[in-house]
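Generate coordinates for the entire structure from the input sequences, incorporating the hints supplied.
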Amino acid sequence: MKAVDIQGVSQRYGSMTVLHELSLQLAEGEVLGLFGHNGAGKTTTMKLILGLLTPSEGQVRVLGQAPNDPQVRRSLGYLPENVTFYPQLTGRETLRHFARLKGADLAQVNDLFEQVGLAHAADRRVKTYSKGMRQRLGLAQAILGTPRLLLLDEPTVGLDPIATQDLYRLIDRLRQQGTAVILCSHVLPGVEAHINRAVILAKGRLQASGDLAALRAEAGLPVRIRASGLAERDQWAQRWSGAGHPVSALGSESLEVQARNGHKVELLRELLGEAQPRDLEILQPSLEDLYRYYMTRADAREEGRP
Amino acid sequence: MNPIWNIASKELSDGLRNRWLLAISLLFAVLAVGIAWLGAAAAGTVGFTSIPSTIASLASLATFLMPLIALLLAYDAIVGEDEGGTLMLLLTYPLGRGHILLGKFVGHGLILALAVLIGFGCAAVAIGLLVDGVDLGMLAWAFGRFMLSSTLLGWVFLAMAYVLSGKASEKSTAAGLALGVWFLFVLVFDLALLGVLVLSKGAFNLDLLPWLLLLNPTDLYRLINLGGFDAGANAMGVMALGNDLPMPSAALWLCLLLWVALPLALAWRVFKRRQV
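So the sequence lines, in the order shown, correspond to chains Y and W.
Note that the first sequence covers residues 1 to 306 in this note's numbering.
Note that the second sequence covers residues 1 to 276 in this note's numbering.
Honestly, the hints are just simulated from the structure, not real lab data.
Some clues are possibly wrong.
[Stated by the list, open to error] Here are the simulated BS3-like cross-link-like pairs (lysine-lysine), alpha carbons at most 25 angstroms apart as the crow flies:
(1) K203/Y / K47/Y
(2) K272/W / K167/W
(3) K131/Y / K171/W
(4) K47/Y / K131/Y
(5) K2/Y / K47/Y
(6) K47/Y / K272/W
(7) K171/W / K127/Y
(8) K171/W / K272/W
(9) K47/Y / K171/W
(10) K167/W / K47/Y
[What the hints assert, rightly or not] Stretch-level coverage of chain W by chain Y, calculated; a stretch enters the list once three of its residues show a Cβ under 8 angstroms from a Cβ in chain Y:
(11) 84–90
(12) 210–219
[As the list claims (entries may be wrong)] Which residues of chain Y face chain W? A few of them, derived with a C-beta cut under 7 angstroms, are:
(13) P70
(14) V83
(15) T84
(16) K102
(17) L106
Yeah, the Cβ is synthetic: ideal placement off N, Cα and C, and Gly gets one too.
Printed below as a string of structure tokens:
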């Protein structure tokens, strides 16, 4: 059974179409990164999955059922982008309130505070929490009752790097337990290793969907190779730019060469076999590079559209 | 546990925590005792005068206070949750909008009912214990009726507050609208009615006029509380019209109940259409 199955969904507000014929599937135990600019349709997609919106066209199924089914909602966790909770309640009271509403086991609450690293502040009022602490409380709230589908809207906002790593580790653990996760965000550094698949939305349309290797292959972005300690740098630079690889010089004995599609291994062989560099660095196109590529392409397409 | 009760118990414990319940109860008790003993000061006497005059004074005071307190308690019920981001979150939980609205109503309604019971109840007990020769049966009946109708009046304005709260997109708008509603029903309505009465110089069908009182829950409330005593003596202003109303008191109670049910139904409709 698919955790999420979106078939040909369009969403209109009045005369404005915010989502064009989106189709998207998510299997159980899969982590999906949903990326896009502001107004790309990320939040609308989330709301459709949460059953807060009814699609103007198409069909949304969550865990095999309609998204607003109470049974689905009990097995779904959601971390909203901006939530202040109830300032006058303590963290523990807040979590217990939501646990009761969800029908989750109250004994879970203590453990959840441990998991998100908020145990020391559980009995303080939420009013005194920092943005990052509220985010952790929101996360604890989202994983109440061990959900089978977890939707996280900008989960790392306000988290320091260590807390971000903790969050990713938590996501990894949940994935191993079979939870499907949708991570909705602007592009995040370091998220690549923790998602199975990336979906890029722009202007209400799906621009790309697939795992990173597939996206890289599709985008055909060059791999950059940095080599330092090259004695005959300028000769190598001439040779490679002659072969059609853009080369730029770095410092006195270093250079960066962009391997044209499929030439990465060949270039490396040359480098290691003949040039004997002191150090080598291979830079794969990052998620941010891919994101920029698809955004630029979406802009270009938009201009071409009447 | 039932989702309605879960929401209600949170509202109730909020009311205890921020001392709303304590403050309102205390206010009611002080006012009731003050009016019972000092209400006749203008007439040159100090001390308890009679049950009807005490109830009449209390009712006219509660006509102002009860709606104000109810509106203050509930104006941000929906829009406040929306601004805090918790409304959207709650709607992803296994509960419907009806559960949220009813839960809030039960919670706020219990706060008001408890405050009335504690505040005015204490005053009634004080009168019963301290005043010699008071008719205890009459006291219990009059205060019981007064407390029940006061609670209902509060519930009417709770329901109205939810309508405003469901419509408004900002908390400050809801607060402004709540104040407007208070002005309309507590001050403007009666003045307008008297104005019509005076200006029309008899051209207005006088048989129709008393029925217009049913359109204002605060007038209904006062009619209920003035009835059964030697009514004409206490009736002032538009209340004198009530003497012409050919209705049993049960019908007045029914109207007040309708005033709770209809705005609540309207609030549910408004809330159901609200976009999150």
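Tell me the hint numbers this structure goes against, listed in increasing order. 12, 17
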